[in-house]
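Novice: As they're listed, the protein sequences go chains V and S.
Residues 1 to 278 in the working numbering are what the first sequence spells out, letter by letter.
Residues 279 to 564 in the working numbering are what the second sequence spells out, letter by letter.
Calculated directly from the structure, the hints in this document are not laboratory data.
Among the hints, a few may not be true.
[Stated by the list, open to error] Ranges between beta-carbon positions, derived for each pair:
#	chain 1	residue 1	chain 2	residue 2	range
1	S	540	V	54	50 to 60 Å
2	S	403	V	65	36 to 46 Å
3	S	531	V	148	14 to 24 Å
4	V	30	S	422	53 to 63 Å
5	V	219	S	437	54 to 64 Å
6	V	215	S	469	19 to 29 Å
7	V	217	S	375	43 to 53 Å
8	S	544	V	174	17 to 27 Å
9	S	407	V	253	19 to 29 Å
10	V	136	S	457	26 to 36 Å
[Claimed, not checked] Not the full set, but computed from the structure, chain S residues with beta-carbon under 7 Å of chain V:
#	residue
11	304
12	319
13	344
14	406
15	410
16	411
17	434
18	475
19	481
20	488
21	523
22	537
Glycine is no exception: its CB is placed at the ideal position from the N, C-alpha and C atoms.
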Amino acid sequence: MAEYSKKVSKKALSKSFHSWYYGNLTCFSQEHMQTFGYLVSMLPIVEDLYEKKDDQTKALTTYSAFFNTEPQIGAMIVGVTVGLEEARANGEAIDDETINGIRAGLMGPLAGIGDSLIVGTLIPILLGIALGLAEGGSVLGPIFYIVVWNLLAYFGMRFAYFRGYDLGGAAVEALVGPNATALRDAIVSVGTMVIGAVAATWVSISTALTLPGGGTLQGTLDGIYPKLLPLIFTIFCWWLMAKKKVSPIITMLILLVIAFIGAAVGFFGAATIAAPTA
Amino acid sequence: MTVNVFQAALLGLFACLASMPGLGGTSVGNYTLGRPLVAGLVVGIILGDVTLGIIVGAAIQVVYIALVTPGGTVSADVRAACYIGIPLAMMAISAQGLDPMSADAAALATTLGATCGTLGAILFYGTATINLVWQSIGWKALEKGDTHKLYLVDMVLPWISHIICSFIPTFVIVYFGQGMVDVIMSSLPMDGLPMKTLFAVGSLLPCVGIAILLKQVIAKPTDFLTFFFGFTLAAVMGCNLIACSAIACFFALINFELSTIKSKLAHVGTAGSITSGYDDDDEEDI
Numbered sequence: 001m002a003e004y005s006k007k008v009s010k011k012a013l014s015k016s017f018h019s020w021y022y023g024n025l026t027c028f029s030q031e032h033m034q035t036f037g038y039l040v041s042m043l044p045i046v047e048d049l050y051e052k053k054d055d056q057t058k059a060l061t062t063y064s065a066f067f068n069t070e071p072q073i074g075a076m077i078v079g080v081t082v083g084l085e086e087a088r089a090n091g092e093a094i095d096d097e098t099i100n101g102i103r104a105g106l107m108g109p110l111a112g113i114g115d116s117l118i119v120g121t122l123i124p125i126l127l128g129i130a131l132g133l134a135e136g137g138s139v140l141g142p143i144f145y146i147v148v149w150n151l152l153a154y155f156g157m158r159f160a161y162f163r164g165y166d167l168g169g170a171a172v173e174a175l176v177g178p179n180a181t182a183l184r185d186a187i188v189s190v191g192t193m194v195i196g197a198v199a200a201t202w203v204s205i206s207t208a209l210t211l212p213g214g215g216t217l218q219g220t221l222d223g224i225y226p227k228l229l230p231l232i233f234t235i236f237c238w239w240l241m242a243k244k245k246v247s248p249i250i251t252m253l254i255l256l257v258i259a260f261i262g263a264a265v266g267f268f269g270a271a272t273i274a275a276p277t278a
Numbered sequence: 279m280t281v282n283v284f285q286a287a288l289l290g291l292f293a294c295l296a297s298m299p300g301l302g303g304t305s306v307g308n309y310t311l312g313r314p315l316v317a318g319l320v321v322g323i324i325l326g327d328v329t330l331g332i333i334v335g336a337a338i339q340v341v342y343i344a345l346v347t348p349g350g351t352v353s354a355d356v357r358a359a360c361y362i363g364i365p366l367a368m369m370a371i372s373a374q375g376l377d378p379m380s381a382d383a384a385a386l387a388t389t390l391g392a393t394c395g396t397l398g399a400i401l402f403y404g405t406a407t408i409n410l411v412w413q414s415i416g417w418k419a420l421e422k423g424d425t426h427k428l429y430l431v432d433m434v435l436p437w438i439s440h441i442i443c444s445f446i447p448t449f450v451i452v453y454f455g456q457g458m459v460d461v462i463m464s465s466l467p468m469d470g471l472p473m474k475t476l477f478a479v480g481s482l483l484p485c486v487g488i489a490i491l492l493k494q495v496i497a498k499p500t501d502f503l504t505f506f507f508g509f510t511l512a513a514v515m516g517c518n519l520i521a522c523s524a525i526a527c528f529f530a531l532i533n534f535e536l537s538t539i540k541s542k543l544a545h546v547g548t549a550g551s552i553t554s555g556y557d558d559d560d561e562e563d564i
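Isolated chain V (complex conformation):
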């Protein structure tokens, strides 16, 4: 990276990062999504780089294009554009189209990575452990989640932002290269396994039906495979949503109908729903 005469000050970088950390979604609308969060995080940067008010406004207007990504990992994109804006302020030939092209090109892939790794894997794993710790109403569970998640989120976003600023586009390559893909697959497999454990621990469905000739259906099912009903219903819901493209709300309504019929015929009985074995 070339040494520029105009450098963004540490203070402006910190203000920019914190504006993104806090404000990325505060003024969300379906039309502009994270655009205003982006504008306020670039504001300290353009004020630091350009002296004339007109230049500041002109530079800032670049970032009024639509923006939406997974905000945590997306901090990296803000960092990358800070680096680009710095280069532009030092006279490099970077126009609005270049910046917005890069921004638009990065937000899709990073949203995919962020949604699957952070929201779809990291948070469920942390919540899964926290649920275990919260057994019997213990405050340990929520406190574990609050502390661990917030430390990871704050320092992770900080890291992403400054990596983006320091390395530019190379920072993103590290996230999509073959090694990163292998790592990502490994992390997702942890998530898949933990989710299996969460399902087995926290979903408790049992039947109240008694078999003709004594014994309960539940007892028979337990003999086949413990927690068979939670497994069957989970796969049924997955099949509805993944294979039949049913929305989560409709899936819930289908379950309501099943519950009603099941309760009416005596398959489900209030008193016999097994206690969670957590």
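Fit chain S to the supplied structure of chain V, relying on the hints for placement.
Specialist: Coordinates of chain S only, in the frame set by chain V:
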């Protein structure tokens, strides 16, 4: 259990902070205060029964374990599930005199939480729509070069959206709903069909949350084996979640090592030499 004006107002304030798009920010607001397990602690402190709050929050959390909002589409609203659903569920459990630790209490909490969360999606769209007004102020300010007004637009004016769509609905439903919860609950016998259905649906709903997550992580049929493996660890072998996480990390390590070796081998296969670094031809699929 009764809720006074001050408590209802506090719940309303937390609803403003916790929603998506919330005023606590994404990490602290939506992903911390907006998780039912954390909200269970907060509501428990506000209403003076931390244990019940956390039990109710944990039950609802399973339904929303994977609340991904790709492209800003929501099927459930966290502020409603957390700060309307949890207080109502706590009141209902107290009104029915259920043992908080029982599966019935968890099922009742799950049903109420999921119902509030689903109906609450309207609050999400309401907030986002009102924010358009502040954004139009923002565009005008940007045109005029009045850039500092953008802070006001991004961080201050959305409070008005939240007073309308988060604070007032939470306050009104929790404060005035408490009497209704008592009436409804006392008119429904525990062994009647409505209550039985309610308990049954409450026990079924967490499957939806798990299935949403499965939909995300299952790319090929063999991925189901990974899920079954975790399921079996907990269901049959009795491992708790921390033990399962440790075992899962170990297998992930093996997986990672294997795919690293595989990609090295594949490279050797094409380049014909083991010495060439495989970093040279990183594919850029952006």
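Novice: Hint compliance check: list the failing hint numbers for this structure, sorted ascending.
Specialist: 2, 4, 7, 16 and 17
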